[in-house]
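Protein sequence lines, in the order shown, are assigned to chains A and B. Each residue of the first sequence is one higher than the one before, starting from 1 at the first, in the UniProt record's numbering. Each residue of the second sequence is one higher than the one before, starting from 1 at the first, in the UniProt record's numbering.
Any given hint might turn out to be false.
Given that identical chains are not distinguished, each listed pair holds provided it fits within a single copy or across any two copies.
[As the list claims (entries may be wrong)] Using 20 Å as the maximum straight-line C-alpha spacing, the simulated SDA-like pairs for lysine to any residue come out as follows:
1) K21 with P178
2) K232 with Q167
3) K211 with N57
4) K244 with E173
5) K211 with P151
6) K244 with Q167
7) K293 with H46
8) K205 with Q167
9) K205 with G47
10) K291 with M181
11) K244 with S179
12) K205 with E221
13) K205 with P151
14) K102 with P70
15) K205 with Y45
16) K211 with C152
What the hints contain is simulated information worked out from the structure, not anything from laboratory work.
Number of protein chains: 2
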Amino acid sequence: MANLPPTHSPLFLGVDGGGTKCRAVLVDSNNTVLGVGEGGPANPYHGVERTYESIMNATDIALRNAGLTPKHKANIVAGLGLAGVHLPSLFQIVNQWDHPFKAQYLTTDLHIACIGAHESDDGAVMVAGTGSCGFSYVNGQAVTLGAHGFPCGDKGSGAWLGLSAIQAVLIAEDELGPSTMLSDLVEEQLQARGLMIVDRLSGAKSSDYAKLAPLVFHAAEQGDSVALNIVKDGADYLSRVANKLWATKPPRMSLIGGVAQRMLDWMDADIAARMSAPLSQPEFGAVRFAKTKHAAKPQEIAS
Amino acid sequence: MANLPPTHSPLFLGVDGGGTKCRAVLVDSNNTVLGVGEGGPANPYHGVERTYESIMNATDIALRNAGLTPKHKANIVAGLGLAGVHLPSLFQIVNQWDHPFKAQYLTTDLHIACIGAHESDDGAVMVAGTGSCGFSYVNGQAVTLGAHGFPCGDKGSGAWLGLSAIQAVLIAEDELGPSTMLSDLVEEQLQARGLMIVDRLSGAKSSDYAKLAPLVFHAAEQGDSVALNIVKDGADYLSRVANKLWATKPPRMSLIGGVAQRMLDWMDADIAARMSAPLSQPEFGAVRFAKTKHAAKPQEIAS
Chain A
1 MANLPPTHSP LFLGVDGGGT KCRAVLVDSN NTVLGVGEGG PANPYHGVER
51 TYESIMNATD IALRNAGLTP KHKANIVAGL GLAGVHLPSL FQIVNQWDHP
101 FKAQYLTTDL HIACIGAHES DDGAVMVAGT GSCGFSYVNG QAVTLGAHGF
151 PCGDKGSGAW LGLSAIQAVL IAEDELGPST MLSDLVEEQL QARGLMIVDR
201 LSGAKSSDYA KLAPLVFHAA EQGDSVALNI VKDGADYLSR VANKLWATKP
251 PRMSLIGGVA QRMLDWMDAD IAARMSAPLS QPEFGAVRFA KTKHAAKPQE
301 IAS
Chain B
1 MANLPPTHSP LFLGVDGGGT KCRAVLVDSN NTVLGVGEGG PANPYHGVER
51 TYESIMNATD IALRNAGLTP KHKANIVAGL GLAGVHLPSL FQIVNQWDHP
101 FKAQYLTTDL HIACIGAHES DDGAVMVAGT GSCGFSYVNG QAVTLGAHGF
151 PCGDKGSGAW LGLSAIQAVL IAEDELGPST MLSDLVEEQL QARGLMIVDR
201 LSGAKSSDYA KLAPLVFHAA EQGDSVALNI VKDGADYLSR VANKLWATKP
251 PRMSLIGGVA QRMLDWMDAD IAARMSAPLS QPEFGAVRFA KTKHAAKPQE
301 IAS
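Using the sequences provided together with the hints, build the complete structure.
Following this line, the structure appears as structure tokens:
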């Protein structure tokens, strides 16, 4: 890329880390994108060392992509938004990471998604993807709802929709509950019926259950009462999350994630109408978070 | 022990294998108990090699306990009732085990529990322990209900009660559902509240959730409406399982497992009244199973 910054210029890195992958974006002080990179899983709940490795991989790729070298890391002010660090124990560990950057500012993936979605410190965001949760940040006050993970929480999420479908199908096949077209749909997707479904899902992760979510929407749209009950139950929960987030008076709210659009069809109409499209991606929210935090910090005198 | 059988006498071994441990009982042709032994986990769903090792350990202990040596294995007709082998793929694998016995007869843990409970080939049994399921065997016809495992199935079980409690507590603490005294009870037992519960239950197994089941019964008995709904929902499912098993016309039915007695209090009164106490333990059912199968098999001519 042209007009590369000199090696002493400040660089800002935004990292969005989740259970499947992490994305990094490298910008200069004018917010010009210099490079981007992608790494492996970066949810410290599933491995702290792996998280560091994934962040480093994504950073090195972003630096190469920008035509810079690893020695530029010492100029980088990094903003990390990671899944899992809403748990205090994990926040503490990652916050004490012996990182190679000039400075590191850590927060949750939800927080940077919120900043990115609104290009503002204040706002609210709901996630309905593999998991589900809600977050608002208003006047320095953060509120997190859900984010309890699978199988304890994540109601209304893709994984929850898939697990609920499997539970209903197994009960229906025992003729201990209402029959449902989900039985045929699940059989077609998993190539398994009855007990063989259990065999097939041995060791399944939340992302495996989430792959079944489209079947539940399809069956609900066809009027299948079992699927309708599942989708309405999930949508009702997400509507309650949205109402609780609106009560904190955020200027805007966005719904993001893989099943967000389809769940919105089943949520209260007034809630759906008030949702705003995200303005930018979470990794840009991480950049903004890092810049704000760094500006607020007492600066060293430049040498 | 006195009056040991000579090394060429037939011996019968009954093994009850589950996810936590396996029990073995060694008897002679007159059903006199010669020795007993216990081994580690023997559910091939969680490891086939481990299952064989646990069965061998339990057998060796039973032989030693009987004052016999490992060479007596060649005289043993073994009946194995194992969790997990209701899945056809696992049944096939374990049935082809290169075992050291004179003969091996394999069936499910449910089947031997049923034979043991009734000291008869025909009967029905329901399990409400860490997991839940139902089984009947009448005139050569077996019916299995549930046995779907956690978290897809096992409604009304200890693990299901515990997970349901955690889900309700997390939603209550977000103020997105009714408050419940389960919040205080769970906090006391796990020494954790809100998100820290998620931290505490990281990697929890079904048996860990089952440890929370007594809290649900306690809260339900105190009239807590959230706990009442959970217990009644589980008991209603178990009542439906019982009715479906009675429809197969078994001569007797027993309810076994760690939460069986407490769930019975919440099931339909007529169902509870019709349950019979188990007559003997599953490993004795396994002995009876082996003897019946072996007697029905064309015998080699004794050398």
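Tested hints:
no.	hint	result
1	K21 with P178	neither (39 Å within a copy, 36 Å between copies)
2	K232 with Q167	both (16 Å within a copy, 18 Å between copies)
3	K211 with N57	neither (28 Å within a copy, 42 Å between copies)
4	K244 with E173	between (38 Å within a copy, 13 Å between copies)
5	K211 with P151	both (15 Å within a copy, 17 Å between copies)
6	K244 with Q167	between (29 Å within a copy, 18 Å between copies)
7	K293 with H46	neither (27 Å within a copy, 48 Å between copies)
8	K205 with Q167	both (15 Å within a copy, 18 Å between copies)
9	K205 with G47	both (16 Å within a copy, 19 Å between copies)
10	K291 with M181	neither (52 Å within a copy, 45 Å between copies)
11	K244 with S179	between (35 Å within a copy, 16 Å between copies)
12	K205 with E221	neither (26 Å within a copy, 36 Å between copies)
13	K205 with P151	both (10 Å within a copy, 11 Å between copies)
14	K102 with P70	within (13 Å within a copy, 68 Å between copies)
15	K205 with Y45	both (14 Å within a copy, 17 Å between copies)
16	K211 with C152	both (19 Å within a copy, 15 Å between copies)
Checked against the numbered hints given earlier, the structure breaks hints 1, 3, 7, 10 and 12 and satisfies all the rest.
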